[in-house]
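Take the given structure of chain C and dock chain Z to it, following the hints.
If you want the building blocks of each chain, they are given just below.
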Amino acid sequence: MSKNRMQLMLCGGTGCHSTGSKKFELALQKELEAKGLAEEIKIIETGCNGFCAVGPVMLVQPEGVFYQKLKVEDVPLLVEEHFLKGRPVKKLFFVEQKSKEAIPNINDIPFFSNQIYRAMRNKGAIDPEVIDEYIARDGYFAAAKALNDMTPEEIVEQVKISQIRGRGGAGFPTGMKWSFAAASSGDEKFVLCNADEGDPGAFMDRSLLESDPHAILEGMIIAAKAINARQGYIYCRTEYQLAIRRLEIAIRQAKEYGLLGENILDSGFSFNIDIYQGAGAFVCGEETALMRSIEGKRGMPRPRPPFPALKGLWDKPTILNNVETLANIPQIILNGGEWYASIGTEKSKGTKVFALSGDVNNIGLVEVPMGLPIRKLIYDIGGGIPGGKKFKAVQLGGPSGGCVPEHKLDTPIDYEEIAKVGAIMGSGGAIVMDENTCMVDMARFFMDFIQDESCGKCTPCREGTRRMLELLEKICHGEGEDGDIETLETLSAVISQSALCGLGQTAANPVLSTLRFFRDEYEAHIKDKVCPAKRCIALLKFEVDPEKCKKCGLCYKACPANAITWQKKEVAVIDTGKCVKCMSCFDKCKFDAIF
Amino acid sequence: MSIKSYPSHPDITDEMWEKIDAIIDANKDIAGSVIGVLRMSQDIVGYLPVELIDHIAEGMNLPASQVFGVTTFYSLFTLKPKGRNIIKVCTGTACYVKGIKEVISHITNKHGIREGETMSDRRFSLEGVRCLGACGLAPVMIVKEDIHGNLKPDEVVGILDNYN
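Heads up: the protein sequence lines correspond to chains C and Z, in order.
Per the numbering used here: the first sequence = residues 1 to 595.
Per the numbering used here: the second sequence = residues 1 to 164.
Bear in mind the hints are in silico, worked out from the structure with no lab data behind them.
Hints may contain errors.
[Claimed, not checked] Result set (PhoX-like, lysine-lysine): computed pairs, CA atoms no more than 20 Å apart in a straight line:
1) Z:K80 <-> Z:K101
2) Z:K28 <-> C:K581
3) Z:K152 <-> C:K557
4) C:K581 <-> Z:K101
5) Z:K28 <-> C:K297
6) C:K376 <-> C:K311
7) Z:K101 <-> C:K541
8) Z:K144 <-> C:K557
9) C:K578 <-> Z:K28
10) Z:K144 <-> C:K22
11) C:K69 <-> Z:K152
12) Z:K152 <-> C:K588
Isolated chain C (complex conformation) (with noise of 0.2 Å):
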């Protein structure tokens, strides 16, 4: 590798991908050649480097600053001030929220600065289609460790003292899982990732598996030696092609180096690895959905035991982990369990990603240490709620998860501490919601989501389910009763309890969990008729408050419909048989003047 003055680490993941970062990429290279800079400067792209928010971004090293919102336009006053004359754009660099200051420096700004990272070491710092560069950084010596020296219970046994537990939402310890797949007998067994990220509003898979492949390899080929397995699969959502191509190419680069395929590194071990691609069923992230569907079939769960540790795909022994979980796995071999279980509560250790999103400011992927408050993780590294709005609750754990509202918000992260409060740690997404947020529209959002993905294989969850999205329907739409809560409470229960898989046994908890902490809001919509957080179109008049109008006119300008009337120094008229219900008014209106 040449050496360089200056690297640009441009981010190269899907959220920058969309916001123009090719565009700027292209630009960038031409207004380097243009300059003779070539040659001295090189542009790496990187995967997610997490902060999608204000992509695209891009870290010019070995100084640390961090441009953010990249432009075309751009390119000729970075080339000039920066590149050529040493001067940082200071237009260009983050500004924090509260205080409106330019931060030049990655390390200084909140978003990064609060962070561990440990899944996501890698993240923005290599390029991901580039193996070398993995292997620069300690890369691939987990996998040489392990074939090499280590035998399959040492390695279970690292595994065991970190006290990972599985990142995908269960929190199964995961050296557990690795002990029962070891114990059982049988000449074939599978090892797989799941990669099937399927809860809406998380992002955690695709970024590690955008910047970071090799690691989920490595992870990959160490969980095969403990197991003793030949043969392993990625199952990945077809939706994320870019993670898919930079699988291939990082499959195809270790094949290369000798690092999959027959004889790794000399050891006498013969490891492969394939991709799945899923074809969009959610029911296919439960492990025994998930493995009938790698075997071609519609991808139902079936009841457990047997668990998969003793029959699994092809009913043969198999262990099926998370990406997060694999990425974690070459550190901890490397490093040693106890240095792993350094940091953390007494029942979780390490760190864990969440995928942050919402009405919060800093928008982004963000890697923390267990036992750090959830209000730090929001109002530290979030940066808060944009727009002056007042915080109501944070969702995690997607359709399988609870809310988090204010008042519990100093609650650690961690497994146990977040079950207590009615939710679940989940996969790591969290969306917070601002006051504008319905929660009785927020339940019944995730039961529509739940009972359209119910695979229909048990009665509880394929019929439970839609009859509790059918009354939460009708109290979002003005038609609620009285008892229709406890009908809810009572199909709850039973759906929790009689139904086959995980996916069933949790579906009641979005409703359980805003029943907890927002019933005054299911009792308004019932009793009173309205929807406090004025979401719930069928519970709005849309007419114009006289009294809070204040007469500027962005709602007339803002109408698709052209039912407002209007004029200046008037206070504005909805006309309701002309008006479509969009809500764009109500979005615009700053005084609250509409209802």
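Just chain Z, lined up with the frame of chain C:
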């Protein structure tokens, strides 16, 4: 020289049938590969008409009922033809919180299609899709291959004018 005859179908040319047969040949001995075969065939034709499903089942030596069952189970597969421009609106939680509902209602008002529907002239199909994992850009829609993020409801119709 024998000329191979294919089932007749208005949307599938002989050239497409040849490609599909090559895919079947390459995969028929690999256990569990039928989902991949269906995906690649759909990429060629645009959708999976029943005649095509039957053809794949025969080629893969699987019961047609099983292949049909797989096709209807996964949301990726469609039995109906789609529009020239497929609009995928993300209905994930982050996009929901950020107002994808309003984006959808603007599209419906303008083009008269709801989620899951195709315009009669096949210009647009509107699909609600599961979280695209681009929550940083919420609300998000994909038209053809282009990702449009941070959508403002009133800009959506203008964006769609660029697709015919």
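Against the structure, the hints come out as follows:
The straight-line distance between the Cα atoms of Z:K80 and Z:K101 is roughly 25 Å, outside the 20 Å bound, and the hint therefore fails. Annotation: proposed proximity of Z:K28 to C:K581 is violated, straight-line Cα distance about 52 Å (limit 20 Å). Only pairs whose Cα atoms come within 20 Å are accepted, and Z:K152 paired with C:K557 is accepted, the gap being roughly 14 Å. Taking the CA atoms of C:K581 and Z:K101, the gap is about 11 Å. The hint holds against a cut of 20 Å.
Taken as a hint, the Z:K28 and C:K297 pair is honoured in the structure, with Cα atoms around 15 Å apart against an allowance of 20 Å. A distance of roughly 42 Å separates the Cα atoms of C:K376 and C:K311; the hinted pair therefore is violated under the 20 Å criterion. Of the pairs offered as hints, the one joining Z:K101 and C:K541 holds, with about 18 Å between alpha carbons and a cut-off of 20 Å not exceeded. Between Z:K144 and C:K557 the alpha-carbon distance is near 30 Å, which puts this suggested pair outside the 20 Å criterion.
Taking the CA atoms of C:K578 and Z:K28, the gap is about 58 Å. The hint is violated against a cut of 20 Å. Under the criterion of a C-alpha separation no larger than 20 Å, the hint pairing Z:K144 with C:K22 is consistent with the structure, at around 18 Å. Straight-line distance between C-alpha atoms of C:K69 and Z:K152 comes to about 18 Å, which keeps the hinted pair within the 20 Å bound. Taking the CA atoms of Z:K152 and C:K588, the gap is near 11 Å; set against the 20 Å cutoff, the hint holds.
Violated hints, listed in ascending order, are 1, 2, 6, 8, 9; each of the other numbered hints is respected by the structure.
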